[in-house]
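A.B. asks: If you want the building blocks of each chain, they are given just below.
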Amino acid sequence: MALMPRRVKHRKSQRGRIKGSATRGNTVVFGEFGIQSLEAGWIKATTIEAGRIAAQQYVRGEGKLYIRIFPHKSVTSTPLETRMGKGKGEPDFWAATVKPGTILYELSGVTEQQAKVCFARLASKMPVKVRFVRRRTA
Amino acid sequence: MTDVLHVELREQIGTAATRRLRKAGKVPGVLYGHGEQNLHFSATSSEVAALVRHHGKTVQLSGAANEHALVNEMQWDPLGIDVLHLDLIRVNLKEMVEVTVPVRLHGEPQGVREGGILLENLHEVDVRCSAGAIPEDLGLAVGGLKLGESLTAAELELPEGVELVTDPETVIAHIEAPRAAREEGAAEGGEPEVIGRSEEEQE
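Chains as they are written, first to last, in this note's numbering: chain A, 1 to 138; chain B, 139 to 341.
Chain A extracted, bound-state conformation:
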């Protein structure tokens, strides 16, 4: 089941513009390794779920995967062959807004080699360019 909010204040949101880089959520916090976005974009809830499945199938209960993003944004669309106008469309899917620097997933309890292979599988599902990152020690 793809992620989505339980309660929202408004069903539909404006598209918005993604400016700048991430100043929060840009460091590895929970695990030892992470995957960091290098581009700005929307990541669909279904894509987040696809990434989770790809990663968890590889680690198979050996490590713990943390999802650091959540699809808060509802994206609307109008049905095909509909004439222009008649107001904003209906919510179609949920997406997470991602800025360059955002950590998307984290992994702990596995070796670096395992984490690299796991995140390489996961990266192929992502609509943004990503890079592998390690926890920054004190």
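Keep in mind the hints are simulated off the structure, nothing from the lab.
Backbone N, C-alpha and C define an ideal beta-carbon position, used for all residues, glycine too.
Hints should not be assumed to be uniformly reliable.
[Stated by the list, open to error] Calculated from the model, a selection of chain B residues having no Cβ within reach of chain A, i.e. all distances over 10 Å:
#1 141
#2 144
#3 156
#4 227
#5 295
#6 330
#7 333
[Said to hold, decoys possible] Just some of the chain B residues that point at chain A, by a computed CB distance under 8 Å:
#8 152
#9 193
#10 217
#11 240
#12 243
#13 255
#14 257
#15 258
#16 261
#17 316
#18 329
#19 331
Fit chain B to the given chain A structure using the hints.
C.D. replies: Same frame as chain A, now just chain B:
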């Protein structure tokens, strides 16, 4: 390990000047403490990169300043690739300081052989020690850890002269049983509830 940092005096301060410095392959920084005048300096990025690589806590300054300093803060760019600014505190190697030190787990836990996952709850702890004897990391033997068991900060291997500041009851690592299926707290299908709207209105 104490790294040597060759510093140059920085006469021009402010956004534009620091940007020019960074373009020239240097990292701006400031040195303060001990009731003395602040010193704005710049160091080469290669030396700062080496400091990061060695996880150095104390540095021996040379050039514009000849003293020991403790790395108080490092500012990073949003992608975490380059160091933007260094904050150094003047320090006497014999004085006691409070620093954050990483924890290094060693040994293969019994619980992992039984199918569990070793999870680190806390990756760093705060310790008090003399500035000249800051440990690189603190070891924690997890070999005897069984499924469902945990180790606290009190069980860390502290070198002589190092005192723990973090609460000793804090859990550092534990073994978790692997989860068979996912039980994420996602809402079930359909649309989410709209706050402030009755059920009839939503239909």
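A.B. asks: Could you tell me which of the numbered hints above are not met by this structure, giving the numbers in increasing order?
C.D. replies: 6, 7, 8, 12
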